[in-house]
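Asker: For the record, the sequence lines run as chains A and B.
The numbers in my numbering rise by one with no breaks, and the one at position 342 of the first sequence is 342.
The numbers in my numbering rise by one with no breaks, and the one at position 172 of the second sequence is 172.
Which copy? The list can't say, so a pair holds if one copy fits it or any two copies do.
Keeping only pairs whose Cα atoms sit at most 20 Å apart, straight-line, the calculated SDA-like set for lysine to any residue is:
1) LYS7 with GLU98
2) LYS378 with LEU19
3) LYS351 with ALA391
4) LYS54 with ALA66
5) LYS351 with LEU19
6) LYS7 with ASP122
7) LYS7 with ARG17
8) LYS169 with ASP200
9) LYS7 with LEU268
10) LYS97 with ILE10
11) LYS54 with GLY69
12) LYS378 with VAL65
13) LYS7 with GLY142
14) LYS146 with PRO365
15) LYS54 with VAL65
16) LYS12 with LEU74
17) LYS146 with ARG278
18) LYS97 with ASN283
19) LYS7 with VAL119
20) LYS378 with ALA66
21) LYS267 with GLN4
22) LYS351 with ILE396
23) LYS146 with GLU160
Treat the hints as calculated values from the structure; they're not laboratory data.
Number of protein chains: 2
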Amino acid sequence: MINQEYKAMIGKKSVIRELAEYATRRSEEIGRENVFDYTIGNPSVPVPQAFTDKLVELATSHDPVAVHGYSPSLGITSVREKIAASLRRRFGLEYRKEHIFMTSGAAGAVAHALRAVTVPGDEVITFAPYFPEYNPYVNKTGAVLKIVPPDTETFQINFEEFEKMFSSKVMAVLINTPNNPSGITYSTETIKKLAAFLEDREREYGHDIYLISDEPYREIVFKGVDAPYVAGFYHNSITCYSFSKSLSLPGERIGYVAVNPACRDAKLIVEMCGQISRGIGHNCPPSIIQLAVAEVADLTADLSVYETNMNILYHELTGLGFSCVKPGGTFYMFPKAPEEDAVAFCKRALKYDLILVPADSFGCPGYFRMAYCMSTEKVRRSLPAFRKLAAEYRQIRERSGQA
Amino acid sequence: MINQEYKAMIGKKSVIRELAEYATRRSEEIGRENVFDYTIGNPSVPVPQAFTDKLVELATSHDPVAVHGYSPSLGITSVREKIAASLRRRFGLEYRKEHIFMTSGAAGAVAHALRAVTVPGDEVITFAPYFPEYNPYVNKTGAVLKIVPPDTETFQINFEEFEKMFSSKVMAVLINTPNNPSGITYSTETIKKLAAFLEDREREYGHDIYLISDEPYREIVFKGVDAPYVAGFYHNSITCYSFSKSLSLPGERIGYVAVNPACRDAKLIVEMCGQISRGIGHNCPPSIIQLAVAEVADLTADLSVYETNMNILYHELTGLGFSCVKPGGTFYMFPKAPEEDAVAFCKRALKYDLILVPADSFGCPGYFRMAYCMSTEKVRRSLPAFRKLAAEYRQIRERSGQA
Numbered sequence: 001m002i003n004q005e006y007k008a009m010i011g012k013k014s015v016i017r018e019l020a021e022y023a024t025r026r027s028e029e030i031g032r033e034n035v036f037d038y039t040i041g042n043p044s045v046p047v048p049q050a051f052t053d054k055l056v057e058l059a060t061s062h063d064p065v066a067v068h069g070y071s072p073s074l075g076i077t078s079v080r081e082k083i084a085a086s087l088r089r090r091f092g093l094e095y096r097k098e099h100i101f102m103t104s105g106a107a108g109a110v111a112h113a114l115r116a117v118t119v120p121g122d123e124v125i126t127f128a129p130y131f132p133e134y135n136p137y138v139n140k141t142g143a144v145l146k147i148v149p150p151d152t153e154t155f156q157i158n159f160e161e162f163e164k165m166f167s168s169k170v171m172a173v174l175i176n177t178p179n180n181p182s183g184i185t186y187s188t189e190t191i192k193k194l195a196a197f198l199e200d201r202e203r204e205y206g207h208d209i210y211l212i213s214d215e216p217y218r219e220i221v222f223k224g225v226d227a228p229y230v231a232g233f234y235h236n237s238i239t240c241y242s243f244s245k246s247l248s249l250p251g252e253r254i255g256y257v258a259v260n261p262a263c264r265d266a267k268l269i270v271e272m273c274g275q276i277s278r279g280i281g282h283n284c285p286p287s288i289i290q291l292a293v294a295e296v297a298d299l300t301a302d303l304s305v306y307e308t309n310m311n312i313l314y315h316e317l318t319g320l321g322f323s324c325v326k327p328g329g330t331f332y333m334f335p336k337a338p339e340e341d342a343v344a345f346c347k348r349a350l351k352y353d354l355i356l357v358p359a360d361s362f363g364c365p366g367y368f369r370m371a372y373c374m375s376t377e378k379v380r381r382s383l384p385a386f387r388k389l390a391a392e393y394r395q396i397r398e399r400s401g402q403a
Numbered sequence: 001m002i003n004q005e006y007k008a009m010i011g012k013k014s015v016i017r018e019l020a021e022y023a024t025r026r027s028e029e030i031g032r033e034n035v036f037d038y039t040i041g042n043p044s045v046p047v048p049q050a051f052t053d054k055l056v057e058l059a060t061s062h063d064p065v066a067v068h069g070y071s072p073s074l075g076i077t078s079v080r081e082k083i084a085a086s087l088r089r090r091f092g093l094e095y096r097k098e099h100i101f102m103t104s105g106a107a108g109a110v111a112h113a114l115r116a117v118t119v120p121g122d123e124v125i126t127f128a129p130y131f132p133e134y135n136p137y138v139n140k141t142g143a144v145l146k147i148v149p150p151d152t153e154t155f156q157i158n159f160e161e162f163e164k165m166f167s168s169k170v171m172a173v174l175i176n177t178p179n180n181p182s183g184i185t186y187s188t189e190t191i192k193k194l195a196a197f198l199e200d201r202e203r204e205y206g207h208d209i210y211l212i213s214d215e216p217y218r219e220i221v222f223k224g225v226d227a228p229y230v231a232g233f234y235h236n237s238i239t240c241y242s243f244s245k246s247l248s249l250p251g252e253r254i255g256y257v258a259v260n261p262a263c264r265d266a267k268l269i270v271e272m273c274g275q276i277s278r279g280i281g282h283n284c285p286p287s288i289i290q291l292a293v294a295e296v297a298d299l300t301a302d303l304s305v306y307e308t309n310m311n312i313l314y315h316e317l318t319g320l321g322f323s324c325v326k327p328g329g330t331f332y333m334f335p336k337a338p339e340e341d342a343v344a345f346c347k348r349a350l351k352y353d354l355i356l357v358p359a360d361s362f363g364c365p366g367y368f369r370m371a372y373c374m375s376t377e378k379v380r381r382s383l384p385a386f387r388k389l390a391a392e393y394r395q396i397r398e399r400s401g402q403a
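Hey, can you work out the whole structure from these sequences and the hints?
Answerer: Okay, here's the thing in structure tokens:
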């Protein structure tokens, strides 16, 4: 009979998806160019030409039976070797193909990593604000997701609350830097402190504690920002990567798990990922996408538009009185709403065709997320709408005598 | 800490994979052309040119941001519409896009269907000989896989044993026709009898019983063979399809779940599949592969080589005294080994560089599987090796006075 657990999940529609659907309907009414849709993190710049060239070459100049043939379940060997070499070159860790497992994006990577290092009943800790899909990723393994409340001054880790919540039941800590939705990056200081804390607790409890680092935005870091490579600081670390944002191909679902070579069970965890795949019938990402992406592992799309957009929006919004921690990367920013109820605020913004996402589902009520992966021209055209929205709040405050 | 359940799975290497690895090593010694590798079901004919053309067109002549953008979690709407239309046209059932969920091949389809209609502790029944990966697909949902012993006369369903094993705990029956490994197709009579039995049991137990039909070989059916479309016979049926074999692109991991429009919960099950995907971090198959495959949903690669090969091998092997039910489709055949221990038989075959797979892991000891997806020229060149192998068994029998 129907599985009631999955049935019950259907009702709970994602706020982001609902707002995105509203944006689509509104676009049909007034034209897409007039709707300032800040909801969805779909990259707005094209994939590098080198990826397209390689894809076409694979499809047209190689033996189709070989190109479209089965991939080994851990990923195509040459692809894993190229990715390991790229990580070695860039981050200095001794990655080999044995440390790499090819996945369907970072989502698949996180879901595999979680299954490898937890059993039902274990706890996994993450930090607000956090990506809401961490709930199904963790809870569907049978483990329990615990959320550390945010440090809203900096959106670095709130160590005080973290240490209070930590216990011997925690088998994995899940971080996301550069962060969706806050846009900040964890500093060297933050990561060092986290690593030292986890090492202490490993010694105290006498068991391994894994740091799962979800890094789809790793390549989108703004000038001068401190955003170190997480795995360099902690032995039991598992890096979950996606090419979605760096290469602008989120729909192609391609990424990897890279287990720190310093992790005692590194090769075992990679082998286990292959077994986890069997259980979910996934097997491996598409061969031609693996082969094409391996050729451009060191490249990115032209990501500069995101920093340009961030600077314009940060300048404008803080000028209008919004409180916002300056993003260090990604294509998100995360200002405080000018009223306590961010849902009410985002509803009000719709009047000006500004589609913003209230952050309640990110574990940070009172804030809102803006995904500014769009053309700079459109960002600029949206500024008058923000001004009108801010003016409306000024009037409200004046009427209530707060101004 | 490391999940011991997945760790334990690693030790149990697939016999097929081990033999394929042996074939690779042996090829390095004596040349690939001299190793008659009948182990792996990797299609040997090229993908249709129309697929390649469409893939190249999508990569080069469309907006890359749109082509490589996120797919909705149930699959791209236009793709689901095209697949529904193709199924309507071909099989006469009233499929609409609401009945279609895009997956990573048939493996992903079966794994999703199982999770939708069972809960941990339920039973799922399948029929030997069966695809060994059904074990992780079913057991990793928490349900229990029960195997009905084979009817080795016909490899149709052994209804006597099936009815004995059936109980109110069975929520799904998993079939595979045309069948891997036997190569036979379930006849109209078999499917009608199965459907009538399940309808009876639904009435008796007062709950739905789902028929999950795993059909990656649906398009590989030989001349004059009775191989009806399963879903046409039973309302609560879920068709799990892959384009791997029909289009010769197993590595691209693309298929679908098609829930019978006559199933009361059809649309609900499709929506649930989307939720199941969230839990495993899968989300959806690659956008560009979805878009390309939708254009060729009615085409197949040139599959005629498989029937040619089957006829040659069936003629030769039965002539040499092997007992074999004649395949009706796929690119497999499934003869009885000339000694009780098929593992010993397959080991003996290695002497002649014939790589055959003993069927113990398919739930049918004493038989062996041959995947004849190779060139007809190579099939012909392998015949002397079969003759030598058969001669060796004649000598053994003569020596032991059995001949």
